[in-house]
Amino acid sequence: DAGVIQSPRHEVTEMGQEVTLRCKPISGHNSLFWYRQTMMRGLELLIYFNNNVPIDDSGMPEDRFSAKMPNASFSTLKIQPSEPRDSAVYFCASNPSGYTDTQYFGPGTRLTVL
Amino acid sequence: SQQGEEDPQALSIQEGENATMNCSYKTSINNLQWYRQNSGRGLVHLILIRSNEREKHSGRLRVTLDTSKKSSSLLITASRAADTASYFCATPRGNTDKLIFGTGTRLQVFP
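Read top to bottom, the protein sequences are chains A and B.
The numbering of the first sequence is our numbering, which starts it at 1 and goes up by one.
The numbering of the second sequence is our numbering, which starts it at 115 and goes up by one.
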């Protein structure tokens with residue numbers, strides 16, 4: 001089992017550019033989560049999917065952020081246009097489903113917006 | 115707002131000593147989970163304790179849960195330099211898959 005896979009691991013871009021982060025959850029897991037981690041705000045849940053359907057996107061900061069899960073093995077988080085305050089580490093996590101389940105985190109994507 | 119708040123924010127100890135971290139939360143929970151994060155890495159699940167459990171062990175880890183005080187503690191015994199990491203507690207938001215993470219405790223273990 002390869003675990004949760006995220007790409008890219010590092011992304012440096014200029015303000016105003018579109019950024020797309022990618023995630024492949026663990027096979028068989030039904031829930032997928034996108035988090036953002038910064039020193040100031042800690043670990044924040046942005047959005048989560050269950051069976052490819054967005055369940056709660058209340059953590060998405062604004063309309064510049066969007067997430068999709070076209071199938072059970074792939075999800076994207078897009079920021080358009082990006083701003084310097086979006087600089088953070090973005091984590092994807094998955095779990096088999098059910099609120100008693102633990103979450104399995106990917107290695108994260110470190111985003112720097114200049 | 116954060117559901118879980120860890121205490122202390124930072125802890126420095128010598129190898130071989132025990133490390134205790136505390137977590138407080140606000141609402142009723144079904145379970146509480148502890149995660150570890152090494153610098154530059156994703157979070158790794160350590161242990162889950164259910165609301166009807168009071169204590170749980172896993173290797174050198176001991177977790178307690180006091181639902182009346184809405185608090186939990188994580189004890190790492192005989193610490194090692196490799197235990198240096200940040201430790202987070204997390205609780206589910208209602209009957210959902212959503213986990214709310216605390217602010218974390220940064221543990222430094224000196225050899």
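A hint or two may mislead.
In silico PhoX-like links for lysine-lysine, alpha-carbon gap of 20 Å or less [stated by the list, open to error]: (1) A:Lys68 / B:Lys212; (2) B:Lys212 / A:Lys24; (3) B:Lys184 / B:Lys140; (4) B:Lys183 / B:Lys140.
Derived by calculation from the structure, the hints in this document are not laboratory data.
No experiment lies behind these values; they were computed from the predicted model shown.
How the hints compare with the structure:
Our distance criterion of 20 Å between C-alpha atoms is met by Lys68 (chain A) and Lys212 (chain B), whose separation comes to about 18 Å. Proposed proximity of Lys212 (chain B) and Lys24 (chain A) is supported: the alpha carbons are some 19 Å apart, at most 20 Å. About 7 Å separates the Cα atoms of Lys184 (chain B) and Lys140 (chain B), which keeps this hinted pair within 20 Å; it holds. Proximity of Lys183 (chain B) to Lys140 (chain B) is assessed by CA-CA distance (about 10 Å); at most 20 Å being required, the pair is judged to hold.
Checked against the numbered hints given earlier, this structure breaks none of them.
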